[in-house]
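Heads up: the sequence shown is residues 12 to 658, going by this note's numbering.
Check each hint, because a few of them may be wrong.
[Claimed, not checked] No farther apart than 35 Å at their CA atoms in a straight line, the calculated lysine-lysine pairs in the DSBU-like style are these: (1) Lys-432 <-> Lys-188; (2) Lys-188 <-> Lys-306; (3) Lys-343 <-> Lys-365; (4) Lys-306 <-> Lys-184; (5) Lys-432 <-> Lys-486; (6) Lys-396 <-> Lys-368; (7) Lys-236 <-> Lys-426; (8) Lys-19 <-> Lys-188; (9) Lys-164 <-> Lys-178.
It should be emphasised that the hints constitute simulated quantities derived from the structure, not laboratory data.
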Amino acid sequence: MNSYNNLKDENSPYLKQHADNPVNWYPWGDEAFKKAKEKDLPIFLSIGYSTCHWCHVMAEESFEDEEVAKMLNQYFISIKVDREERPDIDALYMDLCQAMTGSGGWPLSIFMTADKKPFYAATYIPKENKYGRKGLLSILPEIHNLWTEEREKLLQASENIVSHLAKININQKADIKSDILEKTAQEIANNYDNQYGGFGSSPKFPMYQYLLFLLHYWKKTDEQKYLSILEKTLQKMRAGGIYDHLGWGFHRYSTDREWEMPHFEKMLYDQALMIYIYTSVYQATSKDIYADVVKEIISYLENEMLAEEGAFFAAEDADSEGEEGKYYLWQKEELKSILSNKEFQKIAEVFNIKTSKNINLNLKNIQDYNNLENIKDKLLQYREKRIRPGKDEKILTDWNGLLIAALAKAAFVLKDNKYLKLAEDAEKFIHNHLKTTKGRLAHSYYQGKKSEVDNLNDYSFLLWALIELYQATLKDEYLIKAEKTAKIMKEYFWDQNQGAFHFSSKDNKDLFLKQIKARDNSLPSANSTAAFNFLKLAHLKDDLSYQEDSEKIIAAFSDKINKAPSNYIFLVLSNYYLNNPFVELKIHGDKKYPLAQELIENIRARYLPDYLLKQQKDDQNNKLSVCRDFICQMPTDNLNEILKEIK
Numbered sequence: 012m013n014s015y016n017n018l019k020d021e022n023s024p025y026l027k028q029h030a031d032n033p034v035n036w037y038p039w040g041d042e043a044f045k046k047a048k049e050k051d052l053p054i055f056l057s058i059g060y061s062t063c064h065w066c067h068v069m070a071e072e073s074f075e076d077e078e079v080a081k082m083l084n085q086y087f088i089s090i091k092v093d094r095e096e097r098p099d100i101d102a103l104y105m106d107l108c109q110a111m112t113g114s115g116g117w118p119l120s121i122f123m124t125a126d127k128k129p130f131y132a133a134t135y136i137p138k139e140n141k142y143g144r145k146g147l148l149s150i151l152p153e154i155h156n157l158w159t160e161e162r163e164k165l166l167q168a169s170e171n172i173v174s175h176l177a178k179i180n181i182n183q184k185a186d187i188k189s190d191i192l193e194k195t196a197q198e199i200a201n202n203y204d205n206q207y208g209g210f211g212s213s214p215k216f217p218m219y220q221y222l223l224f225l226l227h228y229w230k231k232t233d234e235q236k237y238l239s240i241l242e243k244t245l246q247k248m249r250a251g252g253i254y255d256h257l258g259w260g261f262h263r264y265s266t267d268r269e270w271e272m273p274h275f276e277k278m279l280y281d282q283a284l285m286i287y288i289y290t291s292v293y294q295a296t297s298k299d300i301y302a303d304v305v306k307e308i309i310s311y312l313e314n315e316m317l318a319e320e321g322a323f324f325a326a327e328d329a330d331s332e333g334e335e336g337k338y339y340l341w342q343k344e345e346l347k348s349i350l351s352n353k354e355f356q357k358i359a360e361v362f363n364i365k366t367s368k369n370i371n372l373n374l375k376n377i378q379d380y381n382n383l384e385n386i387k388d389k390l391l392q393y394r395e396k397r398i399r400p401g402k403d404e405k406i407l408t409d410w411n412g413l414l415i416a417a418l419a420k421a422a423f424v425l426k427d428n429k430y431l432k433l434a435e436d437a438e439k440f441i442h443n444h445l446k447t448t449k450g451r452l453a454h455s456y457y458q459g460k461k462s463e464v465d466n467l468n469d470y471s472f473l474l475w476a477l478i479e480l481y482q483a484t485l486k487d488e489y490l491i492k493a494e495k496t497a498k499i500m501k502e503y504f505w506d507q508n509q510g511a512f513h514f515s516s517k518d519n520k521d522l523f524l525k526q527i528k529a530r531d532n533s534l535p536s537a538n539s540t541a542a543f544n545f546l547k548l549a550h551l552k553d554d555l556s557y558q559e560d561s562e563k564i565i566a567a568f569s570d571k572i573n574k575a576p577s578n579y580i581f582l583v584l585s586n587y588y589l590n591n592p593f594v595e596l597k598i599h600g601d602k603k604y605p606l607a608q609e610l611i612e613n614i615r616a617r618y619l620p621d622y623l624l625k626q627q628k629d630d631q632n633n634k635l636s637v638c639r640d641f642i643c644q645m646p647t648d649n650l651n652e653i654l655k656e657i658k
């Protein structure tokens, strides 16, 4: 057994975890593919990430096992990829896996040719046959035999699936249905769990895009049904075990319908999107319960996820000491030993404790938590003595972009300069440390080293962040940076024929297919958020070319939007704002003038998704105007006239 394989000099925390495996791993790169061609061997591609529970399981069962390693090393060239470091590679092979098997997830296991074309796909594979799955010790010799004796069958299967994916990568155009908003709302409502909130059964994910759409739709229609769905879901999630009631922050998803037992990972993008949603609903309802959640999540991020340099780490693991959730779960006797009898009885009632082992804290009612501060502090101090889950200290441009957008919105709505400083510091870090020698964005940064590979998410989510920062501050620098970001997107990612963005850049030659995607998954789609924010940029910069690009993106996916609109939430919203343009509330002169401040305070307290704040430095000091369809009314110093224009 070698002390190290070819991963020892890699920068990714996930790849470093596998550097001393007996499997002779290679990082993704020319050396591995050249070796596969020279030896005439197929490739085993394993994609995961450092905080992934089942990735740890497969590593312990198989990749640390000499028997499996011997077979992999003899019959395959094995490549490890960190999906968070290379989401472009992950996105392509995940789509291929879903096309081949009907499902996906991590770890992602792909068997493919040296030309990077797959012929077999799976997710977690056990060492031995179990869970109704074939084990690696069965699969590896079978694939080896097929490769040596019936290779043409494998190659034909590979060509078929690649051809299928290339075909569906070409988007069909259609006229978007006039009732698309109503259809989207109905699709979401039909999937709603009326008893427990949320959507679907189990596992149950937060579905941020649904929540954001419901808020927009309620504002447009004033149909209370949709606000009720939204509020019940947010309150059930905050009360449930998907929320960390001691250290704050949301876990990845609930394994059950009731939100009781989560998968315990904490991802930066989940916190970002939750901050954005809860802030927006607070703005719409003025209910402190939602502002409290925002403050708690940001407190968690400051305490646990903030790098010294000012940006934020990627994730916290689900596992500690080899067990998922061990850091977060309680035993009844343990709780009794920490608390007085009266205190235990109180939390047993409030948290609805029914079992004696592996208790995860769930509130019966979110309001019940208000008088538990002393008990909470005791439990938190005790928990902090435990071995904490591992932390992935990569700094990712796209995930930080989402968080900057959320922090900027929270700073504006809650009037909190500390949140604004967090957002601005993170943006400065990206600007100063996550730029490549080409002037492009680097996707990731770890221990002083940055990647040279970018993707569309990096630019699209940073663009969102810059626009939210401008709305919170009205500083011109953020609009200037937003324009530069959009320009790079157009130069390196735009497909002129399809009228949309590739996920990987034009100069990225790593993959055999450049995907053009807009479907929302755990993250909102980069094409969709680009279309949405290009529309805003068109108004903020008085430049119709951004609107024209947004219209092209919407048209590129129009057929897919018609067929399944709830999968394309930001495109549905973009289509609405294309036909019902944003209204500009323009501040003339300095925003520090009393009239401007009165307008800002009024806007801060209301949920107004159709309106954009804009500052124009001219000689009309201390005046305001309203602009619709790029035509502005005469400036006025009468605030009431402006407020009458706001619906």
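Structure-based check of each hint:
For the suggested pair Lys-432 and Lys-188, the alpha carbons sit about 43 Å apart, so the restraint of at most 35 Å is broken. Between Lys-188 and Lys-306, the direct Cα distance comes to roughly 40 Å. Violation of the 35 Å bound is thereby established for this hinted pair. Under the criterion of a C-alpha separation no larger than 35 Å, the hint pairing Lys-343 with Lys-365 is consistent with the structure, at around 9 Å. For the hint pairing Lys-306 with Lys-184, the CA-to-CA distance comes to about 43 Å; that exceeds 35 Å, so the pair is violated.
The straight-line distance between the Cα atoms of Lys-432 and Lys-486 is roughly 14 Å, inside the 35 Å bound, and the hint therefore holds. Of the pairs offered as hints, the one joining Lys-396 and Lys-368 holds, with about 19 Å between alpha carbons and a cut-off of 35 Å not exceeded. With a C-alpha separation of about 30 Å, the suggested pair Lys-236 and Lys-426 falls inside the 35 Å cut-off, and the hint holds. The straight-line distance between the Cα atoms of Lys-19 and Lys-188 is roughly 54 Å, outside the 35 Å bound, and the hint therefore fails.
Under the criterion of a C-alpha separation no larger than 35 Å, the hint pairing Lys-164 with Lys-178 is consistent with the structure, at around 21 Å.
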